[in-house]
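Asker: Residue numbers (my numbering), protein chains in the order written: chain A, 103 to 550; chain B, 103 to 550; chain C, 103 to 550.
Heads up, some of the hints might be wrong.
Given that identical chains are not distinguished, each listed pair holds provided it fits within a single copy or across any two copies.
Simulated crosslink set (BS3-like; lysine-lysine; CA at most 25 Å straight-line) [what the hints assert, rightly or not]:
| hint | residue 1 | residue 2 |
| --- | --- | --- |
| 1 | K183 | K431 |
| 2 | K183 | K549 |
| 3 | K239 | K339 |
No wet-lab data here; the hints were simulated from the structure.
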Amino acid sequence: MRQIARSLFSRVENLPIISPHGHVDAAVIEQNLAFPDPAALLVTPDHYVTRLIHTSGVPLDQLGLGSSAAGSRRIWHEFCKAWPLFEGTASGYWIRQEFEHVFGIREEPAVETADQTYDAISAKLAEPGFRPRELFKEFNIEVLATTDDPLDSLDSHAALAADGAFAARVLPTFRPDAYLNIGHPQWQTNVERLLGAVPGSSGYAGYLAALAERRRYFVERGAVSADHGVHTPATLKLDDAEAGRIFERARAGKASAEDREVFEAHMLYQMARMSVEDGLVMTIHPGSYRNHHDPTFEAFGPDAGHDIPFAVNYTEAIRPLLQDFGTAKDFHLVLFTLDETVFSRELAPLAGFYPSVYVGAPWWFLDAPDAMLRFRSAVTETAGFSRSSGFIDDTRAFCSIPARHDTSRRIESAFLARLVAEHRISEERAHELILDIVDSSPRRVFKL
Amino acid sequence: MRQIARSLFSRVENLPIISPHGHVDAAVIEQNLAFPDPAALLVTPDHYVTRLIHTSGVPLDQLGLGSSAAGSRRIWHEFCKAWPLFEGTASGYWIRQEFEHVFGIREEPAVETADQTYDAISAKLAEPGFRPRELFKEFNIEVLATTDDPLDSLDSHAALAADGAFAARVLPTFRPDAYLNIGHPQWQTNVERLLGAVPGSSGYAGYLAALAERRRYFVERGAVSADHGVHTPATLKLDDAEAGRIFERARAGKASAEDREVFEAHMLYQMARMSVEDGLVMTIHPGSYRNHHDPTFEAFGPDAGHDIPFAVNYTEAIRPLLQDFGTAKDFHLVLFTLDETVFSRELAPLAGFYPSVYVGAPWWFLDAPDAMLRFRSAVTETAGFSRSSGFIDDTRAFCSIPARHDTSRRIESAFLARLVAEHRISEERAHELILDIVDSSPRRVFKL
Amino acid sequence: MRQIARSLFSRVENLPIISPHGHVDAAVIEQNLAFPDPAALLVTPDHYVTRLIHTSGVPLDQLGLGSSAAGSRRIWHEFCKAWPLFEGTASGYWIRQEFEHVFGIREEPAVETADQTYDAISAKLAEPGFRPRELFKEFNIEVLATTDDPLDSLDSHAALAADGAFAARVLPTFRPDAYLNIGHPQWQTNVERLLGAVPGSSGYAGYLAALAERRRYFVERGAVSADHGVHTPATLKLDDAEAGRIFERARAGKASAEDREVFEAHMLYQMARMSVEDGLVMTIHPGSYRNHHDPTFEAFGPDAGHDIPFAVNYTEAIRPLLQDFGTAKDFHLVLFTLDETVFSRELAPLAGFYPSVYVGAPWWFLDAPDAMLRFRSAVTETAGFSRSSGFIDDTRAFCSIPARHDTSRRIESAFLARLVAEHRISEERAHELILDIVDSSPRRVFKL
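Please work from the sequences and hints to get the whole structure.
Answerer: Below is the structure:
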């Protein structure tokens, strides 16, 4: 089985990386500044890492979060001390690979060698070959999608596209949550800014038109998808008058809790309608209780490691949207989940009927070897291989991108190898499938 | 491990097929007409197959559904073209086996050989040996239960039973959903027909009596079970007066949504009561959102591949029924689920206490190798092997029956082989268990 | 892989048993009386065993439950007859080990040898070496926690602690459910007894003070944890006035269903507050529908094998508690579940951020080889190894303790061996981890 897996893996090991959804900042690539130091690169901005160190009792400000004055070397020491916590975790696998493959350090992080590894990585980061664009080439990234505010100028993307010396594609992604969800603290401000940015738009109709206009702007600048981070995947079609009344109540700061729920569901439906029109692939990421611990949120803001998943139901929630757009021509809808139970129960059956629906790759906490294998086992028997999204790294940790794709390719190879060994698919067909999964699927699903 | 599995499998490979729940039409067996053509046999009527082809953008009417004029050969071409979608799916495994074992075709479906395979299968279907009764014998089916309307005359069953040349048992199953669920579009019509069919019955009491009378009719004609397809497994005991009032509101077309819910739960309870009295094994199939996509339902009717599972809770829902009948003598209640989470959490503990409760075999989307192994792993440590139903093929695709039972027997052998290899059961005991699982369990649970 | 597993297992096979949560009665150890007979030791008091025999149609009174007159030898015969039902179950594995390792009987229970095994075990039980204290030493138990009523005198614990000849620690555990949950049949009586037992306490404030006082009493006598068996893990902070009003309504027998729910959630919050103050580790066991079958409960009381799990949601429910105490210094909160879906979805993410939260070991129905492996697979990639509780046997079946810990040690070794074989951790590190999991974790988490 391992031998079959190795043979399959060798077919895709060196293929270019296609990353159709992630959180790297385009400006970092464009400006091509050296990364400041090991902690600022590998620890502080990665909430997968800081959260686990935090469990051992280290306050987040000692890891550089918030208005912290913690020195970079000090943070690195904390990280090295906490390294044993990472055994068996996805982050542990990635960091070990980054150490070895990006920085050429073969030993693992350890408190005894913290200064050495800090200095070694610092020295590398100062080299020209470790600038973002050089790493980009080194990592063999062909396509990288970023995640962007609807009013972003996308100037960095334009500059990169115009740069003849930079061959890869860095694509923006339209992410309108803070303009759709009335409950978002910036919603009112954002809506006024949006209406102000698109000449002639006013009221609810203008709001929809302005969103469509900004989507058009993104499409022009290469966007292929619109991403939606929602509490639940509820969808709903309100009539215009009703939607308009809620919109105005919300602008006046008078929306009720029910208004918020209903309007978010309605706007998710509207985004599907616009995707059918403008062709942007629609991706939905529900089911995370954001900022679970108020005191931590107040001190450090969002993305501090305490977004906690909860049970999700897609079947009923997504139905109003699929009624009207589920079989719409060229509409692509990628559904993600942090609740593994929906893979076999809901997502595989939905993707096994609706031509628009694709099962999103195992995401976030599920982006790890065992969880990936559970995912394939859960969806394949119902939906086959053609209905999943291809790997999504979803990362803001730039240097972890190769490790993540590498892990995914190994696991897909291992899964196929098992089916070959069990005489469930032929080895020849497995070789076609691994290519399709790693390379063709993301291109096809994300219209690249 | 594989060697142990092979040895276990060899014990049961050639045992007769016991199929206590499925959807083959008794008239097909009785009339023994030749199957018309490959598409009408293997594609159009199998919503497992058409749904996956549909995901690739082929409209269902091009697959023969509805009032389609699509030619059989054209449909077969679509199927062959879509064949790669089936890699790794349960349907893919079955069809490959049918090709080889039923039709002697060793190559897989492929667009290049579509005409050849079409012609080859057509030729076989014209042979006398490929008539339903001859295949029935060839497949070594000892018992086949059908699923029937409560007012069905069961004439085909009677004719088969009376036919000395046909040795197998074809048993009817009482399936009263459309007479119990007020929300069913035919409920009013059905109830009037039911009351009309049973002389002297009127009102709610007459309705119950008429249902009991039809059950008696089924029992007389060999039925061993009554099957219930419900949205949720909610059960409830209303008093007669209250139930009667809802019944009359519903007959007058004035039932509320709450009436519908309460009455369906009450009637599920009543069906259990009748099962205790007349001995019909009660099977419950909940948790599927039927006809998820309205436009498809309007065009093609039910069973078109868009029934989508959702989360189910048995523990509280089934409690009113189990309070009164859970320990009733000789009552058998088989609980199915499409929501795998209830296997370890609810069904195994329920079946591990109540003498009446059996865990239904993994059903529908879960009727596939990995899902079957997850099922055994989830229930065995709590409930052992004696509390599950035995394999249920639940199919309307007659030619897939041997492949499905074959898969199940292989997987049960593989599961037992793992336990032997891990020194958790003895090999000797595994040989007894495989016989019990494949042969004795379904006979015992379904009172055959 | 097996070779690596064996090597890891050999490291921990003979380590002393740490059992920080269970249901053995301290008086049994203190009084050190001979166990009466095989059925009274291995069958009647173990609801894991009686429930499975019950499924085969044997009434519970024939197994010694309730005011049964069933003779011990007769019960033993029923058990031996039912033995095949236990193949593949957790109880089956334990009993086989107990037969062999505790009583030196190598054959399995069988109806043909029922008298022989009954006599052989009876003879052993009469020997001095089979008294509880001798077995305690034989089993190499270093710490055993019991579960105790808040008003228990803990005299047996004190006597054992004072006994110089008894080296092990037998620790009480504070279990206040019947004093917190208004819905408990004894709540009113218990509250009056509690207020009576602590001089000067009255009203709601006195009730809280009395609970704190009893906790202090437990801490003084060696308790390290407080255990909470709740329907759901809902938590809530009421203001004192509101809590006091509900408390008085409940004392007067006038609490509503909503009062009960709200007050239980509030008291779970209060218990966390007290744990932060007095240092008792807080353990929560939710999600079991207790006494599912009323007629069985009425005849035989609680713990008769019909507690049935249901779906649990921790993320929202536990949030009010974690808001205020999730990062409190030295607070330890161990969250158990019978609903496996929360392992990867909720518990691992919670334990992967909050320094206070630990994932409880797979419990009750999940305390078996496959379920344990699913647990490790579900939590490790998100939370690593440091955030789980260590093994908990949770048993009232004293003689099964070594078998349970042995099983757990084997399974942990097998899981680590797989990660080593997949090059995910080093063999050296696996040897450290197995020691940590088996020995250091429970000491650290339970502050031993």
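Asker: Are the hints correct? Go through all of them and say.
Answerer: Results for each hint:
1. K183 - K431: between (54 Å within a copy, 20 Å between copies)
2. K183 - K549: Between copies only: 22 Å across, 44 Å inside.
3. K239 - K339: Classified as neither; 45 Å inside a copy, 54 Å across copies.
Of the hints listed earlier, the one the structure fails to meet is number 3.
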